[in-house]
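Which chain is which? The protein sequence lines are A and B, in order. Our numbering applies: residue 1 is where the first sequence begins, and numbers increase by one. Our numbering applies: residue 1 is where the second sequence begins, and numbers increase by one.
Don't take every hint at face value.
Result set (DSBU-like, lysine-lysine): computed pairs, CA atoms no more than 30 Å apart in a straight line [as the list claims (entries may be wrong)]: (1) K174/A to K269/B; (2) K261/B to K174/A; (3) K269/B to K214/B; (4) K261/B to K283/A; (5) K269/B to K283/A; (6) K282/B to K14/B; (7) K2/B to K145/B; (8) K262/A to K282/B; (9) K105/B to K237/A; (10) K262/A to K269/B; (11) K46/B to K105/B; (12) K230/B to K219/B; (13) K261/B to K262/A; (14) K174/A to K214/A; (15) K174/B to K174/A.
Here are the simulated distance ranges between beta carbons [to be verified]: (16) Q91/B to Q352/A: 44 to 52 Å; (17) R176/B to K350/A: 48 to 56 Å; (18) G289/A to D328/B: 35 to 43 Å; (19) R53/B to R46/A: 48 to 56 Å; (20) P111/A to A288/B: 25 to 33 Å; (21) L312/A to P280/B: 42 to 50 Å.
Hints in this document: simulated from the structure, not taken from any laboratory. We put the beta carbon where it would ideally sit given N, CA and C, even for glycine.
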Amino acid sequence: MKAAVCHEFGKPLSVEEVLLEPPREGEVKVRVKATAICHSDIHCIRGELGGPVPGIPGHETAGYVEETGPGVTSVRPGDPVLVTTVTSGCGQCYYCTIGLPHLCERHKPRPFHHRTVSGQPLGSMAGPVAGLAEYTVVSDRQLAVIPADFPMDRASLISCGVLTGYGAVFNRAKVQPLSSVVVVGTGGVGLNAIQAAALAGARPVIAVDILDSKLEMARAFGATQFVNSKKEADPIKAVRQMTAGRGADFVFITVGSAAAVKQGVFMSAPRGMTVIIGLVPMKDQVCFGSFDLIGGERVLTGCGGGSARLSLDVPRIIELYRAGKLMLDELITGHYPLQDVNAAIESTEKGQALRNIIMFD
Amino acid sequence: MKAAICYEFDTPLKIEEVELAPTGAHQVRVRIEATAICHSDIHDIKGELPGPRPFVGGHESAGYVAETGDAVTSVRPGDPVVVSLLKSCGQCYYCLTGMPHLCEKMMAPPAVPLMRTKAGQPLVAKGNIGGFAEAVLVDESQVVKLPPEMPLDRACLLACGVSTGFGGVVNRAKVRALQSVVVIGAGGVGVNAIQGAAYSGADPVIAVDVLEKKLETAKAFGASHAVNAKSNDAAEQVRRLTSGRGADWVFVTVGSVAAIKQGLAMAGKRGSVVIIGLPPVKDTLTIAPLELIASERTLTGGFMGSTNLRVDIPRLVGLYRAGRLKLDELITERFPLAKINDAIASMQRGDALRNVIVF
Numbered sequence: 001m002k003a004a005v006c007h008e009f010g011k012p013l014s015v016e017e018v019l020l021e022p023p024r025e026g027e028v029k030v031r032v033k034a035t036a037i038c039h040s041d042i043h044c045i046r047g048e049l050g051g052p053v054p055g056i057p058g059h060e061t062a063g064y065v066e067e068t069g070p071g072v073t074s075v076r077p078g079d080p081v082l083v084t085t086v087t088s089g090c091g092q093c094y095y096c097t098i099g100l101p102h103l104c105e106r107h108k109p110r111p112f113h114h115r116t117v118s119g120q121p122l123g124s125m126a127g128p129v130a131g132l133a134e135y136t137v138v139s140d141r142q143l144a145v146i147p148a149d150f151p152m153d154r155a156s157l158i159s160c161g162v163l164t165g166y167g168a169v170f171n172r173a174k175v176q177p178l179s180s181v182v183v184v185g186t187g188g189v190g191l192n193a194i195q196a197a198a199l200a201g202a203r204p205v206i207a208v209d210i211l212d213s214k215l216e217m218a219r220a221f222g223a224t225q226f227v228n229s230k231k232e233a234d235p236i237k238a239v240r241q242m243t244a245g246r247g248a249d250f251v252f253i254t255v256g257s258a259a260a261v262k263q264g265v266f267m268s269a270p271r272g273m274t275v276i277i278g279l280v281p282m283k284d285q286v287c288f289g290s291f292d293l294i295g296g297e298r299v300l301t302g303c304g305g306g307s308a309r310l311s312l313d314v315p316r317i318i319e320l321y322r323a324g325k326l327m328l329d330e331l332i333t334g335h336y337p338l339q340d341v342n343a344a345i346e347s348t349e350k351g352q353a354l355r356n357i358i359m360f361d
Numbered sequence: 001m002k003a004a005i006c007y008e009f010d011t012p013l014k015i016e017e018v019e020l021a022p023t024g025a026h027q028v029r030v031r032i033e034a035t036a037i038c039h040s041d042i043h044d045i046k047g048e049l050p051g052p053r054p055f056v057g058g059h060e061s062a063g064y065v066a067e068t069g070d071a072v073t074s075v076r077p078g079d080p081v082v083v084s085l086l087k088s089c090g091q092c093y094y095c096l097t098g099m100p101h102l103c104e105k106m107m108a109p110p111a112v113p114l115m116r117t118k119a120g121q122p123l124v125a126k127g128n129i130g131g132f133a134e135a136v137l138v139d140e141s142q143v144v145k146l147p148p149e150m151p152l153d154r155a156c157l158l159a160c161g162v163s164t165g166f167g168g169v170v171n172r173a174k175v176r177a178l179q180s181v182v183v184i185g186a187g188g189v190g191v192n193a194i195q196g197a198a199y200s201g202a203d204p205v206i207a208v209d210v211l212e213k214k215l216e217t218a219k220a221f222g223a224s225h226a227v228n229a230k231s232n233d234a235a236e237q238v239r240r241l242t243s244g245r246g247a248d249w250v251f252v253t254v255g256s257v258a259a260i261k262q263g264l265a266m267a268g269k270r271g272s273v274v275i276i277g278l279p280p281v282k283d284t285l286t287i288a289p290l291e292l293i294a295s296e297r298t299l300t301g302g303f304m305g306s307t308n309l310r311v312d313i314p315r316l317v318g319l320y321r322a323g324r325l326k327l328d329e330l331i332t333e334r335f336p337l338a339k340i341n342d343a344i345a346s347m348q349r350g351d352a353l354r355n356v357i358v359f
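With the sequences and hints as input, model every part of the structure.
Written as structure tokens, this is what we have:
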């Protein structure tokens, strides 16, 4: 079987033969059909988020259950599934029992299952999936069964970009109708935050990006107002003007940048909430003045994996897609075979693509 | 009438004769009976918070209404009142959505200087009060009538220290019974956060301070556990006291960026750090956003205990009179206005929870 391997940070991936161990207790082997390229993959390949090297990136994945390890009861061979970095939880710990399974205390790091042909262990990069491989082994807690007739490329998008944007709006922030929303960054995650905010009845829904072409796309996903933060002399002021002078009730930061986080906080109104959902490299820090968060009681928080409950949120998203209320088709820029993975990554890096998807036979 | 004026940062206040502007239609003139000294006053005097000079500090006040403007309806001359810096317009978005403490017009300077020196030099009245004076001129929204039995030296504490701590827990965070609470800093605001948490049924209520003496005081105000912030494993001790998870709520009542960072380490997943003490303006808080994402920790602030004066002050008075809120124990010493510099020095040394100037 083949996989795309990162041997060294910053270098092109090598598509090569790899070996895979069978699933252990609680694990499932998945035949991968589609894996989308996410910006977190790119951050990891560049070495900006750490992670094991050599390793296999890819974490927005869908495919079929090939084999189940001992003790697995939630899926059977042949089931179509999406594979995510979010855990559905042990069901037993504090966070699972209070309705926050994505924060499960027993969620363990994924063991290395792949090896190079010379026997070197291969980790998974940008999450415990290793989805840029023809087959992978993951925990049964990372799977959501999808309908048999659901297209695999769309399913792969749900597992991260859609779940993250949608979940930040509905699960973490609980955006209410008529509240004002800003989404900073209108890439794969940002557009999903925008369409979720529009679906929640937020108004205005303000898209902030540095590319007019992306802001146009944001319009198609439901944004009502637009700020080009490169062209606009004072993007914070622009947002305040669009929100009765106050700033927004909710600001979602979907780009992995500390500067965007700081800007976002000042785009929020007193008592407004800024939710960080784009992974910011660890060394990238944000500096606040002492009074910045006190005077206006602004809230700064984060959202991991859309705070998702997989078995509730994935079927809802599929239903909304089928009802024409959530757009997935429009998120896909191109399909690539595994051998062209570097071209797919490059076009994403250049900002030319929302989501490029690697398709497997 | 006399007031204590700050002409130069970090120098002793000068007691001088001053004059108040005529009472405007929506204003109330209050004869001050008691004004407590808050750490924000000390920050002001040291020049650590921005603002012009000369000024008259003091924003935790209580007294008797001396005169009311033509449009004032809620108080009459002779009424005992608490005087707060929470000026509100009643018309803006925040006033109309039940958050008058975030009033968009609160910080607008008065049209006419509230106070002047005998020579006519305008004086900034801090918090639109200037309570280190025998009388003040404030907006009607800044006063709340008190029952006649309420002692004014204790009532003045409700204006800032008590409401900031108690309200930070009860109004801002809305702490629920059985949630875990950490309060960093067991000073004048911190002990009130502690009694707010204990009153709300939080458990455990963990006091964190560097002084053993203050941790003892914290226990008297309802802390169930005490952790010395100087110990290397302070965050680990908090985790041990919270089933290994870290706290649901961490209130940072000391004005220090280091304490905020320590607070983040003490909060559990989905836990919140609420900054209620004001760090010096020159200090900056540097955090890695990544620390907030996977753990979904929240960092926010609470301003003046998110206090709605007309609702909260009578409630706090009621709690005090029912024996459910400690105020007597907050007062370390009483000073006349002439001794205000001694009162400030004792606060600066950390000797006092609250020193009160009585007139």
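Going down the list of hints, with the structure as the test:
1. As the CA atoms of K174/A and K269/B are separated by approximately 18 Å, the hinted pair is consistent with the 30 Å bound.
2. Our distance criterion of 30 Å between C-alpha atoms is met by K261/B and K174/A, whose separation comes to about 27 Å.
3. Between K269/B and K214/B, the direct Cα distance comes to roughly 29 Å. Compliance with the 30 Å bound is thereby established for this hinted pair.
4. Pair hint K261/B plus K283/A holds up; C-alpha atoms about 16 Å apart against a cutoff of 30 Å.
5. Of the pairs offered as hints, the one joining K269/B and K283/A holds, with about 21 Å between alpha carbons and a cut-off of 30 Å not exceeded.
6. Distance hint between K282/B and K14/B is fulfilled; the C-alpha atoms sit about 26 Å from each other, no more than 30 Å.
7. For the hint pairing K2/B with K145/B, the CA-to-CA distance comes to about 24 Å; that is within 30 Å, so the pair holds.
8. Distance check on the hinted pair: K262/A and K282/B sit about 17 Å apart at the alpha-carbon level, within 30 Å; holds.
9. Restraint check for K105/B and K237/A: the C-alpha separation of about 19 Å stays at or below 30 Å, so the hint holds.
10. The straight-line distance between the Cα atoms of K262/A and K269/B is roughly 22 Å, inside the 30 Å bound, and the hint therefore holds.
11. Annotation: proposed proximity of K46/B to K105/B holds, straight-line Cα distance about 27 Å (limit 30 Å).
12. For the hint linking K230/B to K219/B, the alpha-carbon distance of about 18 Å falls within 30 Å, and the restraint holds.
13. In summary, the hint linking K261/B to K262/A is supported, as the alpha carbons are separated by about 17 Å, within the 30 Å threshold.
14. Using a Cα cut-off of 30 Å, the hinted pair K174/A and K214/A holds, with the two alpha carbons roughly 25 Å apart.
15. Restraint check for K174/B and K174/A: the C-alpha separation of about 18 Å stays at or below 30 Å, so the hint holds.
16. Taking 44 to 52 Å as the suggested C-beta distance range, the pair Q91/B and Q352/A conforms, at roughly 50 Å.
17. Checked against the given bound of 48 to 56 Å, the beta carbons of R176/B and K350/A, roughly 49 Å apart, stay inside it.
18. Taking 35 to 43 Å as the suggested C-beta distance range, the pair G289/A and D328/B conforms, at roughly 37 Å.
19. In this structure, R53/B and R46/A meet the distance hint of 48 to 56 Å, their C-beta atoms being roughly 52 Å apart.
20. Taken as a hint, the range 25 to 33 Å holds for the pair P111/A and A288/B, whose Cβ atoms sit roughly 27 Å apart.
21. Between L312/A and P280/B the beta carbons are some 46 Å apart, a value that agrees with the proposed interval 42 to 50 Å.
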